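Q: Chain residues, written in single-letter form:
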Amino acid sequence: MTFRLLAAGVVLASALGAVAASAEEFPSKPIRFVTPYPPGGATSLHAAIITTAAEPFFGQPMISIIRAGGGGVVGTTEVSKAEPDGHTVLFGDPTIISLRPQVEQLPFKADDFIPVARINYAPAVFVAGKNAPFSNLKEMTDYAKANPDKLVYSSDNVNGLTYVAFEMLKKETGTKMKGVEFGGGGPAITQLLGGNTMAYAGLPTVVGEHITSGAVKPICVADTQRWDGFKDVPTCTEAGAPIIWHFWLGALVPKGTPTDRVKRLSDGFGELVKDKGFLTLIGRINSRIDFQPHEEFAKTLEAERAALKALYVSLGKLPG
Amino acid sequence: MVIDSLLAGLAFLANPWTILAAGFGLVVGIVVGALPGLTATMAVAVLSPFTFFMDAAIGIPFLLGVYKAAIYAGSIPAITINTPGTAAAAATALDGHWLARRGQARKALEMSLYASVFGDLFATFVLIFAATALATVALRFGAPEFAALFLFSLTMIAAVSGGSMVKGLISAAIGVFIACIGLDPMSGYNRFTFGSVDLMGGVSLVPLLIGMFALSEILIRSESLATGAADAAIGRERLSWAEFRAVLPTLVRSSGIGAFIGALPGLGAEISCWIAYGVAKRRSKRPQEYGRGSLEGIAAAESGNNAVCPAALVPLLVFGIPGDTVTAILLGAFMAQGLTPGPMLFESHGATVYGLFAILLATNVMLLGFGLLAVRWLPRITLLPDGLLFPAVTILCFAGAYSVNSSLFDVFVMVAGGGAGYLMRKTGVPVPPLVIGLLLAPGLENSLRQTMMLSDNSLSIFVERPIAAGILALIALVVLGAAARNVTIPNLFRVQWRFK
Chain Z
1 MTFRLLAAGV
11 VLASALGAVA
21 ASAEEFPSKP
31 IRFVTPYPPG
41 GATSLHAAII
51 TTAAEPFFGQ
61 PMISIIRAGG
71 GGVVGTTEVS
81 KAEPDGHTVL
91 FGDPTIISLR
101 PQVEQLPFKA
111 DDFIPVARIN
121 YAPAVFVAGK
131 NAPFSNLKEM
141 TDYAKANPDK
151 LVYSSDNVNG
161 LTYVAFEMLK
171 KETGTKMKGV
181 EFGGGGPAIT
191 QLLGGNTMAY
201 AGLPTVVGEH
211 ITSGAVKPIC
221 VADTQRWDGF
231 KDVPTCTEAG
241 APIIWHFWLG
251 ALVPKGTPTD
261 RVKRLSDGFG
271 ELVKDKGFLT
281 LIGRINSRID
291 FQPHEEFAKT
301 LEAERAALKA
311 LYVSLGKLPG
Chain W
1 MVIDSLLAGL
11 AFLANPWTIL
21 AAGFGLVVGI
31 VVGALPGLTA
41 TMAVAVLSPF
51 TFFMDAAIGI
61 PFLLGVYKAA
71 IYAGSIPAIT
81 INTPGTAAAA
91 ATALDGHWLA
101 RRGQARKALE
111 MSLYASVFGD
121 LFATFVLIFA
131 ATALATVALR
141 FGAPEFAALF
151 LFSLTMIAAV
161 SGGSMVKGLI
171 SAAIGVFIAC
181 IGLDPMSGYN
191 RFTFGSVDLM
201 GGVSLVPLLI
211 GMFALSEILI
221 RSESLATGAA
231 DAAIGRERLS
241 WAEFRAVLPT
251 LVRSSGIGAF
261 IGALPGLGAE
271 ISCWIAYGVA
281 KRRSKRPQEY
291 GRGSLEGIAA
301 AESGNNAVCP
311 AALVPLLVFG
321 IPGDTVTAIL
331 LGAFMAQGLT
341 PGPMLFESHG
351 ATVYGLFAIL
361 LATNVMLLGF
371 GLLAVRWLPR
381 ITLLPDGLLF
391 PAVTILCFAG
401 AYSVNSSLFD
411 VFVMVAGGGA
421 GYLMRKTGVP
431 VPPLVIGLLL
441 APGLENSLRQ
451 TMMLSDNSLS
461 IFVERPIAAG
471 ILALIALVVL
481 GAAARNVTIP
491 NLFRVQWRFK
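Residue numbers (UniProt numbering), protein chains in the order written: chain Z, 1 to 320; chain W, 1 to 500.
Calculated directly from the structure, the hints in this document are not laboratory data.
Being a predicted model, the structure only gives us computed values, none of them experimental.
Just to be clear, a hint being listed does not mean it is correct.
What the hints assert, rightly or not - FRET-style restraints, in silico, Cβ to Cβ:
(1) W:Leu6 / Z:Lys29: 44 to 52 angstroms
(2) Z:Lys176 / W:Ser187: 16 to 24 angstroms
(3) W:Phe192 / Z:Glu139: 40 to 48 angstroms
(4) W:Ser187 / Z:Glu172: 20 to 28 angstroms
As the list claims (entries may be wrong) - Covered by chain W, per the in silico footprint, the following chain Z stretches (three or more residues, Cβ under 8 angstroms):
(5) 42-54
(6) 59-71
What the hints assert, rightly or not - Quick partial rundown of chain W residues pointing at chain Z, CB under 10 angstroms, derived from the structure:
(7) Val46
(8) Ala336
(9) Pro341
All C-beta atoms, glycine included, are put in the ideal place defined by N, C-alpha and C.
Generate coordinates for the entire structure from the input sequences, incorporating the hints supplied.
A: This is how it looks when you write it as structure tokens:
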């Protein structure tokens, strides 16, 4: 009897000890940081910098896992099904997290993830080709109105960043333009530079250099304020079309991850984004940090999802 | 002007750490390239973060060394064990392994090394002296031009179909079908995925290649294991100067093809090796030797794929546009050093750019040195007893297939590819057309559909644009030329019996 009690007590104590230990010792093994896109894009580049600098802020190495396929669906699905212990983190963005789960049949839903931290954001910048018959938003709109479906723009993917930017522009200006999907920002801007299309909307990291060199004409920035790098370029709202469309990169974990671990990860990222070496590298790739901790990030995401849903309902692509 | 800048760039080579880093990169690249499943892309992606905190004169040469050595070294296992180490070495396996089985592994390896270095050197000079001009031409390639170019590349199936054109086309059709699996590239609809998340990403090329080439080879050779001692000849025979001189025109032509394809965004070394191989066979005086140990075939494939490496830097450096995945990762590594590739780079960091060119040239010489060292010993692999070699290669197949995407599903793809490859060999259906179909179909589909969107579904866009029209004319010429050679009047009646 005594022996049994003792044994039960030992088991109980060790179990409690284990719980206490796991609560204290998170992260207890290397963290998998999953990028759902092929190497070479903006996402994998940010992931490489984050995972290079992360270890001191998490007490464990962070390993960059590149799991591309299906336009981000394969990697995202894997994370949604991973053990929710905080050791598997998805590097997400608005299309794969907020938009596509709402408008496409995907193996995961938006609320399969808990937001951990937004690392940065950048607005979409509308640009026109060097030889395009318009140089600002008004001329562009006039051209599109006079020539319906003749203004051909480089798009990325259906429900992608550029795709959504132009859907917003077409809705705001009441114009018809024709998008050709080239599968990504790189090929899309190449086609614009080669004069095969007339316009494009992309991130400052993609279009910045070409604006500076004069290879493309800036039209407007889809943000509430002008972008630091090019102060001369008006916001779309100033130019007459109130469009705000941000592309963020942020960390998310599968649903069911304990809140204290979400907070621990969020705090870790919060310290990381203040690191000098990290900031130097981020600056060099023309990115800038705009950190949001997990609670704030969750609110941002909620608002973003509602706005995108409203957009797609008004486009007739979703039932109201 | 260019020469002066280049001489100034040579100063970069005075830094012993630069040379050491490049040399270390080459060694890493050779190992990675030679292991099936470890690709140049993966190696550069994994290693590039380590260079972020290094000096640009150390980190960038290291990555460039990895890149070019990995593309070269893919030919080593292709020749010695019929397992292309990278997808770009698939064409090399056709002739290289044939020679190795007949005790001429060293000759094949030397041919591959010289061809790689030649192609690389050729394209480096193109990069140095004609980067801007070539990039301007490449930029003129829109969707219609790419569609025409992919169509032209499909004619290469004829060159690798072996005896029977019908079986070649069957094989190519299977390849095209496999390429259709996954998400529709433009609308995102599921095609043949049966609800499987793994299939949404499509069937991965590298695991399939490993299965079709390596695993099926093991299965075939296991049948005759008892008599396996037959090829225990020593692969000591070296490449003669006469043999090298004979393939020189092929080297120049293939390097040109590789350099041009490398400068075009989106094709890459995997496709360029087949185009170079096909064109070389078509122009050859001895086309019947292709697939049966033709040194010309090895020379064409290897110079064709290695010329892509420096050429892929053309659009990257001139416009900041990466042409393939590896250069996209290099773009990141450059940016992390504060060297943003693009129109401003030559002005703001001219010295560094020419230093880079000098390093590219130096790594070529070093690659030759390392390669010659390796080539002395590598033929011994072919002397290993089958009982030792086969299990080792089988393990490599499984490990390689898994490591590409850390995916168990890819292992199943590899095994399925092995079974399919075995059946195809047994029935005389050639494997290379399948690979070409698989490689070309996505690009052809995308560019054709983009073209149709640009032109409102009018085919006239292909003749209205001069470059596209030119490529189409070339296709007509090639097809008619082949027809004129083979279908003479008496042949026309015999044609049905010519299928085996």
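Q: State for each hint whether it applies.
A: Structure-based check of all given hints:
| no. | hint | verdict |
| --- | --- | --- |
| 1 | W:Leu6 / Z:Lys29: 44 to 52 angstroms | holds (50 angstroms) |
| 2 | Z:Lys176 / W:Ser187: 16 to 24 angstroms | holds (19 angstroms) |
| 3 | W:Phe192 / Z:Glu139: 40 to 48 angstroms | holds (46 angstroms) |
| 4 | W:Ser187 / Z:Glu172: 20 to 28 angstroms | holds (25 angstroms) |
| 5 | 42-54 | holds (count 6) |
| 6 | 59-71 | holds (count 8) |
| 7 | Val46 | holds (8 angstroms) |
| 8 | Ala336 | holds (5 angstroms) |
| 9 | Pro341 | holds (8 angstroms) |
When held up to the earlier numbered hints, the structure conflicts with none and fits them all.
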